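Q: Sequence:
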Amino acid sequence: MNCALFVCWTTLRITLRLVLLFQCIKGNNAQSEEEVEEFVPLVSALLINIGTLSTPWIKSMHKAAAKALELGKVWVLDPVGVGATNIRTKTATDLVISHKPTVIRGNASESWLWPRTFAQD
82 MNCALFVCWT
92 TLRITLRLVL
102 LFQCIKGNNA
112 QSEEEVEEFV
122 PLVSALLINI
132 GTLSTPWIKS
142 MHKAAAKALE
152 LGKVWVLDPV
162 GVGATNIRTK
172 TATDLVISHK
182 PTVIRGNASE
192 SWLWPRTFAQ
202 D
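Each position in the sequence shown, counted from 1, maps to that position plus 81 in our numbering.
No lab work stands behind these hints: they were computed from the structure.
Certain hints may be false.
[Said to hold, decoys possible] Taking lysine-lysine pairs in the BS3-like style, the calculated list, with each CA pair at most 25 Å apart, reads:
(1) Lys-154 / Lys-171
(2) Lys-171 / Lys-148
(3) Lys-154 / Lys-144
(4) Lys-181 / Lys-154
(5) Lys-140 / Lys-171
(6) Lys-144 / Lys-171
(7) Lys-181 / Lys-171
Remember, it's a predicted structure, so these values are computed and weren't measured experimentally.
Using the sequences and the hints, build the whole thing.
A: Below, the structure written as structure tokens:
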């Protein structure tokens, strides 16, 4: 199978495997704050999945998204569990406001809960 798309992502390892299996994407799981800005220019698109959150990973997500936006690259936000906890909602909201993803990919509960957090403000 030949795939022309190369994607860089900061993501949960399980999702990473599923993306590789089902979408035929050659890629790299870059999550180190020190390397994400170097990876983004090398890829066709960026996927940020907030399934695994920590302060260093959040910083990496912002750096990668900023670089993708700067370079005009497509980037996808997968806001796993948004609306369930404050840190997930804040991280996803900050990424959207600051770096304007090309696509937001969410399941039914994420799509239902998240907009309601904006309405409360």
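Q: Checking each numbered hint in turn, tell me which of them this model violates, lowest number first.
A: Violated: none.
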